[in-house]
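These are the residues of each chain, in order.
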Amino acid sequence: MPTDRSVLRARIENAAEYVGPLWPLQAFNAANPLVGFEDQPFDRAVQQAEQLFGGQGYPGARVFRQAWENGEIDPDVLARRLAEHGITQRPEVLLDRMERDEGDGEPSMPADHPLNRVMTKWLAAFLDQGQADWAMPSREDGFYAAWRTVAPYDTAVPGIARSSDVPATVAAAFEEVLAGYPEEQWESIFAHHLAALPGWVGFIKWRARRGNTPWQEAYPISLVDYLAVRLTLARRMGHAIAPDRANELPVNGTDRPYLPRIWLRAWEESYRSALLGDLRQAPLSTRNGASTDRPDAQLVFCIDTRSEVIRRHVEAQGHYETHGYAGFFGVPMQHQPYGAEERVKSCPPIVAPKHRIAERPAEQHRDRAERYDGWMRLKAAGTQLLKTLKKNVAAAFGFVEGSGGFFGGAMAARTLLPSGLFRLGKTIRDRLPGPEAFAEPTVDREAVDPNDRDGLPVGLSHEAKVLYAEAAFQLMGWTTFAPLVVFAGHGSQTPNNPYKSSLDCGACAANPGGPNARVLATICNDEAVREDLRERGLDIPDDTVFLAGQHNTTTDEIRLFVDEDDPPVPPGALDRLRQDLRAAQADATAERVETMNATVDSGRPEASIQEAQRRAADWAETRPEWGLAGNAGFVVGPRALTRDLDLDGRCFLHSYDWTMDEDGTALENIMTGPLVVGEWINTQYYFSTVDNAAYGSGSKVTQNVVGKVGVVQGNGGDLMTGLPLQSLMADDETVMHRPLRLLAVIHAPVDRVDAIIERHAILAQLLDHEWLHLTVMAPEPDNAFVRYQPGGTWEAESSIVSSSEAETPVSPGTAL
Amino acid sequence: MPTVLTRLTWGLFALSLGLLVWPPDPGWAGDTFLRIDGLTRLMAAVTTFVSGIVHSFSRRYMAGARHLDRFYARLFGLTLIVLLLTAANHLVLFVLAWTAMGWVLADLIGHVRGWPQARAASGYARRSFLSGSALLAGALGLLGVQAGTWTIGGVLAAVGTLSAPVVVAASVLLVLAAMIQSALVPFHRWLLSSMTAPTPVSGFMHAGLVNAGGVLLARFAPVVFELSAVMLGIVFVGGVSALLGQAWMLVQTDVKRQLGSSTVAQMGFMVLQAGLGFIPAAIAHLLLHGFYKAYLFLAAGSVVEHTQPTPGERPAPSVIGGLVTLITAVAGGALFATLTGKSLTALNSGTVLTLFVVIAVLHATRSLVRRAELSATTRLWAVPAVLLPAIGLYAAVYNGVGAVLHTLPMAEAPTALTPLHWGLVAVFVLAYVALDRGWHRASTRLYVTLLNTSQPVPTTLLHNREQYHAH
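Respectively, the protein sequence lines represent chains V and R.
Be aware that the first sequence starts at 11, since it is given in this note's numbering, and climbs by one per residue.
Be aware that the second sequence starts at 88, since it is given in this note's numbering, and climbs by one per residue.
A portion of the hints provided could be inaccurate.
[To be verified] Computed cross-link-like contacts, DSSO-like style, restricted to lysine-lysine with a CA-CA straight-line distance of at most 30 Å:
| id | chain 1 | residue 1 | chain 2 | residue 2 |
| --- | --- | --- | --- | --- |
| 1 | R | LYS429 | V | LYS364 |
| 2 | V | LYS364 | V | LYS397 |
| 3 | V | LYS389 | V | LYS400 |
| 4 | V | LYS401 | R | LYS429 |
| 5 | V | LYS436 | V | LYS389 |
| 6 | V | LYS389 | V | LYS401 |
[Stated by the list, open to error] Some chain V residues close to chain R (C-beta under 7 Å, calculated; not the full set):
| id | residue |
| --- | --- |
| 7 | LEU396 |
| 8 | LEU399 |
| 9 | ALA405 |
| 10 | GLY414 |
| 11 | THR632 |
| 12 | GLY708 |
None of these hints come from the bench; they were simulated from the model.
Virtual Cβ for every residue (Gly too), placed ideally from N, Cα, C.
Between the sequences and the hints, there should be enough to build the whole structure, so can you do that?
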């Protein structure tokens, strides 16, 4: 029976839908691990996923108990929800029952699984990105061919004496294995074998889809390869090809009243009514967004939940206005950092980059660049020297003897004096300024290099510049411009942390957002661009200067990228802004360290900054910062709605003014872009929290980085996906991230929102299947709340009380 | 409890440091059970230093862990046991400390009890350690009965009176026990399966606990050095592990097993140094390697970086570069030999030690000289700037260790060079050239064999992630 390739490919594609892609650690993008199930209602999806991967889909009793005891679940709401299902027991009784239902589950006995063992051995060898000095042979021929080369020598696989003992091609391999199985059964066979190792399969999925990474180009692998190897191995090793269970594809779940589901809804509803109650406090004047008086400065931050904290504290320092905008600042670019060979995507995972931005030394700073380059070359030589000596078969022994003493000293310094190392790093950076002090982004269009591998043009055309600038101010609803406008990207600072990129900007594909901020600031300072913007009705005053900066989310320092020799703003104004940012840093870190099991002297404002800086430099710190833990809300509207509220760093905030967006395109962009990415982030945190083994990556304490791309637990096996325990839990008992599905609150007319949902199936699907909740705050006539109901109907929120009467605070603090 | 135990450990470190500088009267403990000599003082200082680092590191690294007290109790207990081991003079006490050390270490490998794979790794390690303890008990029992004394000092003094078969049997048992503890081939598997341990435990294990094999050989040097055939055997097993461990390292794709393979190699080299008759060299190696490896384990989270697939390109060799390299290498070796008081002309097993220093200097110089992007002047000063402090510090440690250990019986017993020694040197030089030229890449069989022989115990692999449990 000759196998039709396209049929095979389609069957594999379908079967692979269930496994979510896994990004490498260098760019650990957030994604819903159950993205393949989003076309089904949440409840059914998690039940199916449980059958396939064994993961829990709802929080456990322990998490609910914590929320209950902290008063995060409104007793009335819970009682009402329970009553709807005819349950009348007291919540404490139900918690006990849930705990009993979960059972402790006698830990399973460790058992060998030869097929998985051989598979993971070769997957780790093939997918290595530079850890091993001697990589798997013949990788350039692709995974199947490379495996065929090594198989005859692999004593773990019986019956292969030479390569010709296994089919020569992938197609022949499938023909051999699938003979005897009807085509209808293929998909379930594939799904079974793909779901056996969801970590590695997810990573292959990512690599194969983003075919243009240099590693994939050099050493191609696809799910077809994976299945060909796995099925051939299964046959040789006497493993079942087809799963035992009949019909094998996950079957539909039931709709039985399930306690955790009811509790989760009650918790979400409690959060919603508290948040909406707070929002109701907003002054009615904000019904028509924009304020008219001119602030001293406007600062634009990423919509990231961490921005909410720093924005509050910046605003408190003076006459400042802050805004929220997706942290890639609307510039779909690929970034090549100064002196680096790699090019990294620097825009959201759902957007394709259109421009390449490199960093070139500015004419007036050539000398600085040369000095820096000299030191970097020396550093590279040193790193290379260590690497080659460490791995050399004969030189390694003498090397260890010569260097051991220095390693001992370094170990003591890094363990005992992390704060000192932070200061040392700062001193070195002051003495030897990095690229941000002398390099400029290549914003202007340059000639296209025809030999370039992905052919992205360097720089932006004039039209593109005008477009991005206009889009930014339109989406945020700007009419006034302060003398100083700061675009602040964000990035984290954390050594010895495989998950560093998960703390960087999600809108920049898990990279720091500073480079994007610089591009937009450069664009907006361009006279020609302003000229065109004026024609389009955006009048930027001549005295307005745009600056770029970066918010260090670990230390809350905001660095401004300013040429100190020739500042574009009066030094007095700049100094004042810097002083205020420093004061905001002290306040923000003081708020944050309280949630971090830290004891600092609260009387000393510098103490909290120092504690945050210690975390940013400490190689022993597994919780440098909380990232987006806690995220639960997504507010789209003018800042005036939230300005006086403390949202506890739990809300994404996107600036939007419905009065300036008559045709609704700006809102459409927000809802199909940032909001969808927000859902990805939220579901990643949700599932990593509710089942850290199946959807998260377990404790950092026993993690082991494999191939420089992923993490395994202990000695190896399947790749772990999702976030580590320390990113989600305050300690082994207490969750920091509250696993709630994201609640979007949009300040816009209902019909406008409804029309957008109508037009975009992805939004309708997420909302109808309850992967995302939505409430609209209808500005006319009276900011009434209207909730989207699965199926597309709207229902007025009735039970919202204002927060002064609410029993459930929005920001319950952390349970430490 | 973590705070208290961390402070106590640092207190012990301060005490050990004091004892290192101002040696106590060796007889104060009565000699029957304990005896504080140079080896004790040195190992106490090193062990408490690494243990202190690991204690302090874990304060932040393990924060919030559910069984933190249990973790710290084991860590601290292990430190005390090692101190006791190095000070024990009674044979029974020594065996008991040895057994307890293995038991507690196996517990720490399986610290995450709810995780089946960790329990499997722990069980495998425990069985290895118990066999090691049994071998040790056999060796010491034999020696004790034959010598008619139950103190180490007594046995060592009586070695000359024992019959050759007894010495051989005891030596073989001792070497086997040391090989298990130091994870030498073919007993390396427990170490390569031990990554279920929390990272700081791995740091302590690779920097401290695997060294006990070397301490055992140092302690019983008069027994194992009694017959030159045994010494040759030690050189052989050490050499095999050094070569194989380093080769395993080449093919590992995860950071921790790569470090583990490197430990197998370095322990092999340390045992090899002992077999050459240079106990101080072996002890200096194990403590310097301890610092090195503990650092790399604690920094194991730092390996994530952007990389590009680069087909190995080799810069064209230049005559001048080659000449500079060769001269520097010989000069480096000569400097080391002079600083450590080795004869430059007399050939003995110490020459082998110097040759390894020469190779390291050679490779470092080559690597620096080849950096085309560095200017000629930079390269000119970089070579001495890198090499002089490294050689100087190593020589200082070497001499310091020698000074502290000078009272140890049979600390230095250089042997004559045999064909085995020359063969060993030849194999390493050949391996160096082969790797440099890339000859090894031609053999797929070799690649697969190296990968397969360095696999962990199958039941310690986590394939079904549902089985994972964080505590």
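Hints, verified against the model:
no. : hint                 : verdict
1   : R:LYS429 to V:LYS364 : violated, 66 Å
2   : V:LYS364 to V:LYS397 : violated, 37 Å
3   : V:LYS389 to V:LYS400 : holds, 16 Å
4   : V:LYS401 to R:LYS429 : holds, 28 Å
5   : V:LYS436 to V:LYS389 : holds, 17 Å
6   : V:LYS389 to V:LYS401 : holds, 19 Å
7   : LEU396               : violated, 10 Å
8   : LEU399               : holds, 6 Å
9   : ALA405               : holds, 4 Å
10  : GLY414               : holds, 3 Å
11  : THR632               : holds, 6 Å
12  : GLY708               : holds, 5 Å
Hint violations for this structure: numbers 1, 2, 7, all remaining hints satisfied.
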